[in-house]
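Student: Sequence:
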Amino acid sequence: QVQLVESGGGLVQAGGSLRLSCAASGSIRSINAMGWYRQAPVKQRELVAIITSGGMTNYADSVKGRFTITTDNAKNTVYLQMNTLKPEDTTVYYCNANIRVGYLETYWGQGTQVTVSS
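With the first letter of the sequence shown counted as 1, position 48 gets the number 29 in this note's numbering; the numbers rise by one all the way through.
Simulated from the structure, these hints should not be mistaken for lab results. Even for Gly, the Cβ is constructed at its ideal location relative to N, Cα and C. It cannot be assumed that every hint is accurate.
Said to hold, decoys possible - In silico lysine-lysine, DSS-like type, Cα no more than 30 Å apart, as pairs:
1. 67 - 24
2. 56 - 45
3. 45 - 67
4. 45 - 24
As the list claims (entries may be wrong) - Quick list of simulated restraints, FRET-style, between CB atoms:
5. 10 - 68: 38 to 44 Å
6. 36 - 0: 18 to 24 Å
7. 21 - 83: 31 to 37 Å
8. 83 - -8: 37 to 43 Å
9. 64 - 22: 23 to 29 Å
The task is simple: from the sequences and hints, build the whole structure.
Tutor: So this is what it looks like as structure tokens:
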């Protein structure tokens, strides 16, 4: 079994920064990719940023230049550094990981709330 545990959400003023962390634990053979998604009420979950095991990254257009995704492979942890936050970034952020435990499977974290006040 694999668990993703997120931390780092909270309340910040517009223009401020937050850093989200997500640590994967359990019977992990390898991690193909890790990423962050977000979902506002009554909206579909959308990709924020993703990073592959080879270090390739992809970002939503709305966060390019403001957010940076990185990993610590030794700790099976992914980070999302969020700078110049805007009120429209307010929502729940979910960690996502594509992990091989024998077979390849996708896992989700429990979600962490990010609130940006204007």
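Student: All the hints need checking, so say for each whether the structure fits it.
Tutor: So, going through the hints one by one against the coordinates:
1. With a CA separation close to 18 Å, the supplied pair residue 67 and residue 24 stays within the 30 Å bound.
2. For the hint pairing residue 56 with residue 45, the CA-to-CA distance comes to about 26 Å; that is within 30 Å, so the pair holds.
3. The straight-line distance between the Cα atoms of residue 45 and residue 67 is roughly 13 Å, inside the 30 Å bound, and the hint therefore holds.
4. Distance check on the hinted pair: residue 45 and residue 24 sit about 21 Å apart at the alpha-carbon level, within 30 Å; holds.
5. The given range of 38 to 44 Å is respected by residue 10 and residue 68, whose C-beta atoms sit roughly 41 Å from each other.
6. The hinted range of 18 to 24 Å is satisfied by residue 36 and residue 0, whose Cβ atoms lie roughly 19 Å apart.
7. With their beta carbons about 35 Å apart, residue 21 and residue 83 fall inside the hinted range of 31 to 37 Å.
8. Evaluation of the 37 to 43 Å hint for residue 83 and residue -8 yields a pass: the beta carbon distance comes to about 40 Å.
9. A C-beta distance of roughly 25 Å is found between residue 64 and residue 22, which places it inside the suggested range of 23 to 29 Å.
Of the numbered hints stated above, none is contradicted by the structure.
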